[in-house]
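Trainee: As a plain string of letters, each chain reads:
There are 2 protein chains.
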Amino acid sequence: MTVSIENWAEQVRAGDVRAISRAVSAIENRERDAEEILRQLFPFTGRAYRVGITGAPGTGKSTLVDRLASHYRVEKKTVGIIAVDPSSPFTGGSILGDRIRMQGHATDAGVFIRSMATRGFLGGLSQATRDTTLLLDAAGKQIILVETVGVGQGEIEIVRLADCTIVVLMPGMGDDVQSLKAGLMEIGDIFVLNKSDREGADRFEQQLKGILQLVPERDGWKPPVVRTIATENKGVAELGRQIELFRKHFEQAHERQAREIAHWKEWILQLLETRLMERVAGKYLGEKELDAIAAAVAERKTDPYGAVNEILARAGLGEDH
Amino acid sequence: MTVSIENWAEQVRAGDVRAISRAVSAIENRERDAEEILRQLFPFTGRAYRVGITGAPGTGKSTLVDRLASHYRVEKKTVGIIAVDPSSPFTGGSILGDRIRMQGHATDAGVFIRSMATRGFLGGLSQATRDTTLLLDAAGKQIILVETVGVGQGEIEIVRLADCTIVVLMPGMGDDVQSLKAGLMEIGDIFVLNKSDREGADRFEQQLKGILQLVPERDGWKPPVVRTIATENKGVAELGRQIELFRKHFEQAHERQAREIAHWKEWILQLLETRLMERVAGKYLGEKELDAIAAAVAERKTDPYGAVNEILARAGLGEDH
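These protein sequences, in sequence, are chains Y and R. Quick note on numbering: the numbering used here labels position 220 of the first sequence as 220, and the sequence is numbered without any gaps. Quick note on numbering: the numbering used here labels position 39 of the second sequence as 1039, and the sequence is numbered without any gaps.
Hints in this document: simulated from the structure, not taken from any laboratory. Just so it is clear, the structure is predicted and the values come from calculations on it, not from any experiment. Be careful, since some hints might not be right.
Which stretches of chain R does chain Y cover? Using the computed rule of at least three CB atoms under 8 Å from a CB of chain Y, they are [stated by the list, open to error]:
| no. | stretch |
| --- | --- |
| 1 | 1039-1046 |
| 2 | 1259-1268 |
| 3 | 1294-1303 |
| 4 | 1308-1319 |
Glycine residues also receive a C-beta, built at the ideal position from the N, C-alpha and C atoms.
Take these sequences, add in the hints, and give me the full structure.
Mentor: Rendered as structure tokens:
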């Protein structure tokens, strides 16, 4: 069966699960159709609220995302969930395991769930995630939950362009390390202390609040700490309430338009960078040649500038360009 | 006076301060000559040891770098110092103030000092710093100290390709935040507790050591904590000793060649990315047009994919490329 891109875009806008799934696959596999459908859908974006959720493995992020989705479903809001694993070259076991827990939503057409992982040596996962966010936005999902598995620079890049970023922590051994990792304190708009029935939760909450007092406020917002026990659905409504408070806080802020434009400036530069690397490195370099060049450079048999110039020249972007 | 690039490169290799300064300026200003001289000098690189030094403002990094330079001068080693400020669009007051303290080295031809800051909307500071490191390497500097001012993702990128990374902390208010910021725990090969005569130093050292025990070891190296009082030159020799231990540890490691090749793979991809953005965004986009496109995208008057495609087409990298 062949459908025109126009029809396909129509189906996505109508919320057709198969059409959406096929479009996400096209985005992941960098098919040419992907960009065409995204262009057609773009005018219908800008209505979804994007919530990024990050935190170390084992903090219960997936369960929390699951419960948060249910919370929004009770409010009759449609939900999209994107689970991203920047460290994995494929969608691995733990995500699959997590997704199984989410099967409560499997028969609910109001929830779309998708896992995404890194493909190829050029990465590009951030861009694929951003594209998928726009896709689900156009598909009418009112809330888009972007969950990153693991902690690192990749995750920060992924959640940075969300409207609201939630950092999930938990009490117990290793807390200090988790919170130390990857500048989480700087990116959190809301902090969740999950598994808050565990020993040491009170002490940890106090420490966390002490630290947050020292972090400079952004635009008059003071990041709250929400205690949850996701497995028992405790604190989830309060989390939903804080997300709503944060949304309203920034909708009323005067600098909203300036923030939007700054957001898109960065988005456009990142898209340009991704496309340039795809079209030039993907086409004129390749991973095998990169290995060979790196080995030659390490031995000083060639220099990196000359090697890069040669690739640029192949792409018609030589020095005299 | 015009000199050929060959003569200029010769002067750099001979350690001529004016020739080196002029080459750093050419790198900063992205002059075409810069790449030519770097290519000529590349075969003579690979001998310097690059030490990255990062930490929050006020921890005394600059004084420490100053003392470390003196330490190496006593050992008759030549030193290059690059002070980088990713947050500043120009070399600002505090760096200038710091550099004044360094004037003890001003008449010492064995030390080359240079501050670098961000220029233009495309950034490119990481690449300029990496280029300058190679330049000073070819100029015969045996130790290159790369100091970043401030803490953030830019700094991490800058110090990440050093041979050894030192994270500077200090006791007192705000420590927790400083150490929490930007994933410093993950990048440090050696931790310095500067101003260690201040109150709370012992407690802070214990906390830090506790945290470091939980961070996974990399290749059998356990990051030490070195206590210093840089203003009194205390602990600096011990820091020098730890840097030497770290260097030897990795020279003996079996995976050294694999590390070198991985290092250059990343270096080459980053150089390619920088060049692509310079040649395409710098030439066919410009900051003003980016502002205009971002505003139009924010209002959904245009879509980002189409806008980026147009820029790619202008550069001869259109969809049918």
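Trainee: Confirm or reject each hint.
Mentor: Do the hints match the structure? See the list:
Figure legend: the stretch 1039-1046 of chain R, annotated as covered by chain Y; annotation consistent (5 residues with Cβ-Cβ distances under 8 Å, at least 3 required). For the stretch 1259-1268 of chain R, the assignment as covered by chain Y holds, since 8 residues bring a beta-carbon within under 8 Å of that chain's beta-carbons and 3 suffice. Judged by the Cβ-Cβ criterion of 8 Å, the stretch 1294-1303 of chain R is covered by chain Y as claimed, because 6 of its residues qualify and three suffice. Proximity of the stretch 1308-1319 of chain R to chain Y, defined as three or more residues with a beta carbon under 8 Å from a beta carbon of that chain, is established by the 8 residues found.
Violated hints for the displayed structure: none, as all numbered hints are satisfied.
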